[in-house]
Amino acid sequence: MNIQKIRDILDAEVICGERYMDRNVKMACGSDLMSHVLAHIKEGDVLLLTGLTTPQVIYTSDAVDIKVISFVRGKQPEQATIDLADERKMVLLCTTLPMFESCGRLYKEGLIGCSEYDG
Amino acid sequence: MTDNLTSLRIQELAYELRIADAMSTEVISVESDATIMNVRETLRDKRISGLPVVDNHKLVGIISIENLLQSVITSGIEGRVKDSMVSEVVSVNSDEPLIYAVRKFDQFGYGRFPVVKRDSGELVGIITKGDIVKCLLRKLEVNFHEEEIEKYRASHIFEDIHSDHTTLTFQYKIKGGEYKSAGKQSGNLKVNLLRLGITPTIVRRIAIASCEAEMNIIIFTDGGELIVAVEEDKIKVNAIDEGPGIADVEKAMHEGYSTAPDWVRELGFGAGMGLPNIKNCSDEMSIDTKLGKGTNLEFIVNTRT
Amino acid sequence: MKIQEIKDQLSLSVIVDAEHMDREVTGGYVSDMLSDVIANAEAGSLWITLQTHLNIIPVASLKDLAGIVIVNGRRPDEETLSKARQEKVLVLGTELQAFEVAGRLYQLVIGNKDEDV
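Those protein sequences? They're chains A, B and C, same order as listed. So for the first sequence, our numbering puts the first residue at 3; every next one is plus one. So for the second sequence, our numbering puts the first residue at 15; every next one is plus one. So for the third sequence, our numbering puts the first residue at 152; every next one is plus one.
Only chain A is shown next, with the shape it has when bound in the complex:
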């Protein structure tokens, strides 16, 4: 699924990385725990949905090569987070939907989760 479509489904605002909107993701992960992200993200193109907006979200995502993050519940990241993401050529989205509805809508449109992905 490409990021453009994800943005439409989540009715999200693009915070940075507008030029990479055509990139594709193969699976999604919703988590507020960065240790979980480090431990359980599979290799491949992953969308991370999270309610955390601190810069360490970007550092953590970078360690596991995540390129697309959507913040949920309308939480806006601070400037430091945006700058770090920009440097790493990541796309940041922000949706006002809660995590449950974000996962629900994307799943309904066919995006799968990390535990269903084999490849």
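Note that these hints are calculated values from the structure, not bench results. Keep in mind the model is a prediction, meaning the values are calculated, not measured. Among the clues, some could well be false.
Stated by the list, open to error - Okay, the calculated beta carbon distance ranges per label pair:
id : chain 1 : residue 1 : chain 2 : residue 2 : range
1  : C       : 194       : B       : 305       : 42 to 48 Å
2  : C       : 246       : B       : 124       : 49 to 55 Å
3  : B       : 97        : A       : 81        : 55 to 61 Å
Idealized CB from N, CA, C, for every residue including glycine.
Start from chain A and add chains B and C according to the hints.
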């Protein structure tokens, strides 16, 4: 760079570069008042198959050999460009990513597109598939060289230095309580290891484990350091602090066990996954800890497969 | 939709039974941050989380949630389990991750609502 990485890099470049970076700025155009005869001469002299039509710097149409032939049949060579040109022109904007032009070529099958400035509609260039390929190759070569040189320099260090045993050591200081930058030093480490030519999947394991170790130092201590020793066949990381020590190492190794306070959990840490995660990512791991004195966590990842 | 049906449809395991499997589930809430759940979760929702910490039980009880679904095959320790029994909080488990559980639950709960309208 492997084929796969190269194609990824090309894709990235196609997003990063702008149409303005690839287009040719020497555009031959005609005014709408010019005669068909003028057009014929220009096309013949310059050996091209079509011309953008421009009035007051603004793109108003395009005229091709086909339009010209049609016009000669209906109104002879004295006819005007404005009566024969196609005024609905498919153009691209100069500030758009290169990938937009690539897609338009796919979509329309034309040989070239006029490039205009977004707001004014002023004609600033023209772009062909050849221009795009040339631009990408040029960029790729430059980037390729820069990164290759860095990589070459770094990755041959073990061959270039003559000794019975060579170890490269990086030291990263970590401040306690600075949760906002948790993972920053591990990010720096990751870049260095990739530069040394270490396989990405191995770098990923080290980055994950050191990120966890870095988090632990930030959450539980006043500070410490990561000492990374790169040897020919393995990478050893020591995360050293003078914090409170771990009371029950066996319990701490159990997934889900955590002594982190609630405020730490609210920051996305302290779910009791750190040490088990480090163990999973490494080939060897050991913990030397004394209550009230500090902890030295060591993990090793073999780099020779 | 009742908890029992959801448990069956999503193949959830019962970690702590709370004797009210016929309670109606009105929605879902996914979060690993207790303060967020305290602030935003609605009564009657199933809370999907990775957290296994003792404090999830009083939070679920306080907000009158329908139950907690612990994802990724994690199991709470004995302390958390006995607290759940004591406060009669239903705790379910699954090997799946939050995204998939939320995705499927959303279709069951919200999908059905849409059809009713």
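Exercise for the section: Determine whether the Cβ-Cβ distance between residue 194 of chain C and residue 305 of chain B falls within the hinted range of 42 to 48 Å. Expected result: holds, 44 Å
Exercise for the section: Note whether the CB distance of residue 246 of chain C and residue 124 of chain B lies within 49 to 55 Å or breaks it. Expected result: Given about 53 Å between the Cβ atoms, the range holds.
Practice task
May I ask you to test the hint 55 to 61 Å on the CB atoms belonging to residue 97 of chain B and residue 81 of chain A?
Solution key: Holds: the Cβ-Cβ distance is about 56 Å, inside 55 to 61 Å.
Checked against the numbered hints given earlier, this structure breaks none of them.
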